[in-house]
Amino acid sequence: MMDFTKIWRERKDQYFSLALRYFKLIGNSGFMLSLYILFVTGSFYYAQILKQLPANFPAIWLLVAVFAYLLTKSPVRTLLRKGDLVFLLPVESRMKEYFRHSIRYSIVVQSFIIVLIFVALGPLFSKYISGKGMEMIITIVLLLAAKLWNIKTSWEEQRLPYQRNRRNYTLLRLAVNAVFLYLLFQKAYVFLIAVLAIMYVLSNFVFGYIKKVHGYKWEHLLEVENGMMMKLYRVANLFTDVPQLSQRVRPRAWLSTLSNVSYNHSHTFDGLYRKTFFRSNDYFEIYIRLILIGAVFLFWIPQGWWHPIIVLLFLHATGIQLLPLYKHHKGNVWFELYPVKQQWRFRAFQKWLRLLMLIQAFLYAAFLLAMGGAWTIGGVSVVLAVIFVWLFTEYYTKKQLLRVR
Amino acid sequence: MKKILEVTGLTGGYSPDRPVLHDVSFNVHANEIVGLIGLNGAGKSTTIKHVLGLMEPSRGTAKINGKTFQEEPEEYRGQLSYIPETPILYEELTLWEHLEMTAMAYGLEEQTFLTRVRPLLAEFNMENKIKWFPGHFSKGMRQKVMILCAFLVEPELYIVDEPFVGLDPLGIHSFLELMQAFKNNGAGILMSTHILATAERYCDRFIILHEGKIAMEGTLQELKNQLGDPSATLDDIYIHASRGKRP
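Chains as they are written, first to last, in full-length UniProt numbering: chain U, 1 to 405; chain C, 1 to 247.
Wrong hints could be hidden among the right ones.
[Said to hold, decoys possible] If you only want the chain C side, here are some residues facing chain U, beta carbon under 7 Å, derived: (1) Glu72; (2) Glu74; (3) Pro87; (4) Ile88; (5) Glu91; (6) Ala105; (7) Gly107; (8) Glu110; (9) Lys129; (10) Phe133; (11) Phe137.
Keep in mind the hints are simulated off the structure, nothing from the lab. Using N, Cα and C, we set each Cβ at its ideal position, and we do this for glycine too.
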């Protein structure tokens, strides 16, 4: 006899310890400090803005929008795994117990978020809606009740076979939520009772009917779960290397022409590296992001000899961040089997990295001149940048990447 | 007959103390398809890895046209193409880019590439998928990409590891037809498979591996004679050899 409560608990514990490990890494990276600074300055400006808001500010619509989003988006965290498709499918009829745990877990986590957001928007609420404690409590209780309803119905919604069906029902929930929230914030409690009755009917008859007719859509549930897991990985990946992060490929057709190379035996790897750079993971995004952040720094810091240093710093950052591209296809047997010279592969990578770094350097130089900078500083920046790029790609890259051989 | 692949006294495996292969010797000639058959774990994949030059033998050699991989790595690799059991693709490249990259890697002239690629794509029903990424391919389509890349090169030696799994009947048919055509043009083919009925019809000779040694070897007729049963099928011979009883 399979103990589903035990399976759920084990998975939850594993998930928690995994998430905790990543949060520790994020915490150690100095990110928490910037978050704290952001929080303090943010709350200062929040108070300022609140004071200056006009009396006719449509706070009610803001509140409706925020909570309609939070209520309608009610995913159930199933913690399903790929292997379940084989091993748990036969006991599907008894999975109810497992899913009950995941629904309960989702309710707890998402209710917490609702309360948190409500507290954060509290000043707005008390200024424009109601300052009475009793009404605040009623509002919170009703918000949580609506959350409960949304999680239950959205869970049944996942049984529908097609994306379009599911979206239609999500829109239905959105409409119900919007009306509910509007009446709630208008304190029209009598009408609210009518909406609650409608919600009761909907969940029992419409969503209840879905439950009767449709089974669990395992592959869809897995996909949803996978998507939520990837969100965590994606965030953690900004701070550390996450091997489980699946390689998402985006075609980015508009960049294809840039990645084409002329047909030639010795260019075998050139095209591959360019296309991998544009289409895979975050290489391209990292590159663009670094260029933009560098430009922001150049813009904020007053003209002077700091500028060439910033240019070099950001070129260095780009170089370091793009080094993993070389080993992106690690373990691919074709690299071994192609009848090509081994050094072609490194040379292809080196050439591409050099080009990317030079483009970045010239963009900065153009930016400096466009801001009305001195020719001397711009010129020195370019010369230093070119020397740096040459040293980096010729020596540092070689040392780092060819060390293993 | 010209020997393309010559394997002599090959002993090797993943650790020197426990070799998987024991003194394996065989040849693949021009104009012939050799079936490499054996149970799971008999050493088929290890044999293939040694022939590809991905593993180094502890004793013995594998030569293509008289040269080992260690002597002439690029020339050695340039004369063979490989169809792996599990398709290995670049998730970032489209079907067309896979073909182009393979052609470049094997040093094909651009004109040769362009004349060969269209009929191949048509044969395997993939003409309208040249812009697709592997993420959208089924197992069979992935396998087709491997087959297309291998046939595009038209090498002297083909190393084929279980090509039929996941392939649709039309695909299997096209694959076998082309294989025979290339064989008649002078290529040698070493094919590992468990689909014995197909192997029986298409292979000229067989090597039955058992526990890292060659248990039986020869044409179907020779194998039947060794067994002393003229009505035996390849299945019977295989089962007999794999139970470890020598005829």
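Now the hints, each set against the structure:
The interface hint given for glutamate 72/C is broken, as the beta carbon of that residue sits about 10 Å from the closest beta carbon of chain U, more than 7 Å. Proximity of glutamate 74/C to chain U holds as hinted, the smallest CB-CB distance being about 5 Å (cut-off 7 Å). A distance limit of 7 Å between C-beta atoms decides the matter here; for proline 87/C the minimum to chain U is near 11 Å, and the interface restraint is violated. Satisfaction of the interface hint for isoleucine 88/C is found here, the shortest Cβ-Cβ separation to chain U being roughly 6 Å, below the 7 Å cut-off.
Using the Cβ-Cβ criterion of 7 Å, the hint placing glutamate 91/C at the interface with chain U is satisfied: the shortest such distance is roughly 5 Å. Checking alanine 105/C against chain U by beta carbon gives a least distance of about 4 Å; that is within 7 Å, so the hint holds. Because the beta carbon of glycine 107/C sits about 4 Å from the nearest beta carbon in chain U, less than 7 Å, this interface hint is met. Taken as an interface hint, glutamate 110/C checks out: its beta carbon lies about 4 Å from the nearest beta carbon of chain U, inside 7 Å.
Below 7 Å, beta-carbon pairs count as interface contacts, and lysine 129/C has none with chain U, the closest being about 14 Å; its hint is therefore violated. Given hint, phenylalanine 133/C at the interface with chain U, holds; its Cβ is 6 Å from that chain's nearest Cβ, closer than 7 Å. Of the supplied interface hints, the one on phenylalanine 137/C is violated, with its beta-carbon coming no nearer than about 12 Å to a beta-carbon of chain U, more than 7 Å.
In this structure, the earlier hints numbered 1, 3, 9 and 11 are contradicted, and the remaining ones agree with it.
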